[in-house]
Amino acid sequence: MSKDLVRIFFLPLFFLLIVFPVLALVFNLDMQGVKATMTDPFFWDSVKNTMITALFAALLAVIVAVGFGYYHLFRRDSLVYKIANLFNDFPIALPHTVAGLALLMAFGRKTCGFLGETGAAFTLAAVVIAMFFVSYSLAARALVSGVDQMEQEVVDVARTLGDTPGQVYFRIVLPVMGEALFSGFVLGFSRSLSEFAAVIMFGGNLPGSTQVLASYVFTKVEVGDLSMAVTASVFCVLLSLLIVFILSFRRMFYAES
Amino acid sequence: MLKAEKITKKFKRQTVLLDACIEVNSEIKALIGINGSGKSTFLKIIAGIVNPDQGSIMLNGADICHLPPEKRNLGYVPQHPALFRHLSIRENVLYGMRNGKGTIEAFERIVEMLDLKDVLDKKPRELSGGYKSRASLARALVPEPGILLMDEPLNGMDIVLREKLLPVFRSVLKELNIPVLYVTHDPKEAELLADSYAIIDNGTVISVNSSEQAFGMIRSSILKKFE
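If you read the sequences in order, they're chains A and B. For what it's worth, my numbering labels the leading residue of the first sequence as 1, then goes sequentially. For what it's worth, my numbering labels the leading residue of the second sequence as 1, then goes sequentially.
Be aware that one or more of the hints could be misleading.
As the list claims (entries may be wrong) - 25 Å max Cα-Cα, derived SDA-like pairs, lysine to any residue: (1) Lys71(B) to Leu55(A); (2) Lys71(B) to Phe74(A); (3) Lys3(B) to Asn209(B); (4) Lys117(B) to Glu91(B); (5) Lys224(B) to Asp186(B); (6) Lys122(B) to Phe170(A); (7) Lys123(B) to Phe170(A); (8) Lys6(B) to Val50(B); (9) Lys122(B) to Met150(A); (10) Lys12(B) to His72(A); (11) Lys12(B) to Leu79(A); (12) Lys3(B) to Val172(B); (13) Lys188(B) to Lys224(B); (14) Lys101(B) to Gly166(A); (15) Lys117(B) to Val154(A); (16) Lys101(B) to Val154(A); (17) Lys101(B) to Arg171(A); (18) Lys71(B) to Tyr71(A); (19) Lys123(B) to Val154(A); (20) Lys12(B) to Arg75(A); (21) Lys101(B) to His80(B); (22) Lys12(B) to Glu151(A).
Hints are computed from structural coordinates only; laboratory data are not their basis. Note that the coordinates shown come from a computational prediction; the quantities given were computed from them, not determined experimentally.
So that you can see chain A by itself, here it is in the shape it has in the complex (with noise of 0.2 Å):
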């Protein structure tokens, strides 16, 4: 009965939803509109800054999410461990305009003004910022799930053998978190990649310049270019893909080792 419920459920609502969205965007696919998007130079801009912006943001979104890690494994007790868990499942509650705004309110022309007309607004390290937002609590998940893995025996008998709770962080938890630490980037990373709220808030969308794919999409779609934002769309589509098989392969690579 429950096996019955699960089928007429799950399957029906799961291909409508899930799959059949991304199929409708592969049967829209134009010819005209592909030959357009790839000469577009303004697209290959927006890849690359999508690259470039999303690489940054999920290194930035591991490294501090190693820092995260040493708290969760030593200083749980700390009232800075507490307030940074508090905050780790912020962004996901908290709507990315939103995100944007507090961004562009602490780094904008009225605080850091003096970096620039528009502070540190609408620049890449803008895009880079709303996508580290977005991107770290994951990152620090990944990591925090890793750190949990770890048998507290290993970090106890470090320490009697003289380490400190930081060496015995660098040299006996970390070398062995390369899942975590990769699964961290990757997520921080796709992450990023499909940000559109901060990023336009904090980022922008100068073409060229700050615009991303996502926010490439979204200039095709108000300009009324349907071909060319599907085309873009389906690159995003593959991209993801992409990602989500490097993700499972690695994770089939570990389970094996």
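Given chain A's structure and the hints, the job is docking chain B onto it.
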């Protein structure tokens, strides 16, 4: 010499240790207790891994109660070998030397005694359970600690291998003349290794004269729980 006095530890409302005292001189002392008796917690408190609610711990005349584990000058062999899996056995055994603990002479001597020469360049995953336990012991011994704390290091190993390893461990520990506190739930294992015995029951430590006496007291403690 180790002297732990009036160690009390509560986890939330449960009292795990109540005024527990133990003294270990130049001997191998077995602390025998059933599962959940607080023996591992007691060991972790001595090692500095868990903080006691009250009590004092002296090692060779120095109060170590408020020192972090890295400053206590003691060796710890946990239940599982807990070898550092990204390091070779050589690097594992030499690990204490990174922090200035131990000497190459001690390393060579202990490796020889525990018959680890042929596996030094292997990774922990390539070793059998017996060799992993030997390597774990060697790693704790090379820094030449003031006392060695062993928390059922052969737990989960089959009886044949255990009975083969215990005399090896005993002869090594005796030759190095390091005081040892060995925690176990098995009086027979204690008999094969230890010079003196104590039991831990309901968070309190009681010294006993022989492993038979320990066995009798533990058996009556178990029976009492089922009454």
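Hint consistency between Lys117(B) and Val154(A) [alpha-carbon to alpha-carbon, up to 25 Å]: Holds. Lys117(B) to Val154(A) sits at ~23 Å (cutoff 25 Å).
Just to be careful, I want the Cα atoms of Lys12(B) and Glu151(A) compared with a cutoff of 25 Å; is the pair within it? Cα-Cα ~23 Å, so holds.
Regarding the pair Lys101(B) and Val154(A), is the alpha-carbon distance no greater than 25 Å? Holds. Lys101(B) to Val154(A) sits at ~18 Å (cutoff 25 Å).
When you check the alpha-carbon spacing of Lys12(B) and His72(A), does it fall within 25 Å? holds (21 Å)
Satisfaction of hint between Met150(A) and Lys122(B), Cα-Cα up to 25 Å: Given that 25 Å is the threshold and the Cα spacing comes to 21 Å, the pair holds.
Starting from Lys101(B), check that the Cα of Gly166(A) is at most 25 Å away, please. holds (18 Å)
Agreement of Lys224(B) and Asp186(B) with the hint, judged by alpha carbon distance not exceeding 25 Å: holds (18 Å)
For the pair supplied as a hint, Lys188(B) and Lys224(B), confirm whether the alpha-carbon distance does not exceed 25 Å. Holds, because 21 Å separates the two Cα atoms, which is no more than 25 Å.
Do the alpha carbons of Lys122(B) and Phe170(A) lie within 25 Å of each other, as the hint requires? holds (22 Å)
Taking only the CA atoms, is the gap from Lys12(B) to Arg75(A) under or equal to 25 Å? At roughly 19 Å apart (the allowed maximum being 25 Å), Arg75(A) and Lys12(B) satisfy the hint.
Distance restraint between Lys123(B) and Val154(A), which requires alpha-carbon spacing of 25 Å or less: holds (15 Å)
Taken at face value, is the distance from the CA of Phe74(A) to the CA of Lys71(B) at most 25 Å? Distance of about 17 Å is within 25 Å: holds.
Of the numbered hints stated above, the single one contradicted by the structure is hint 1.
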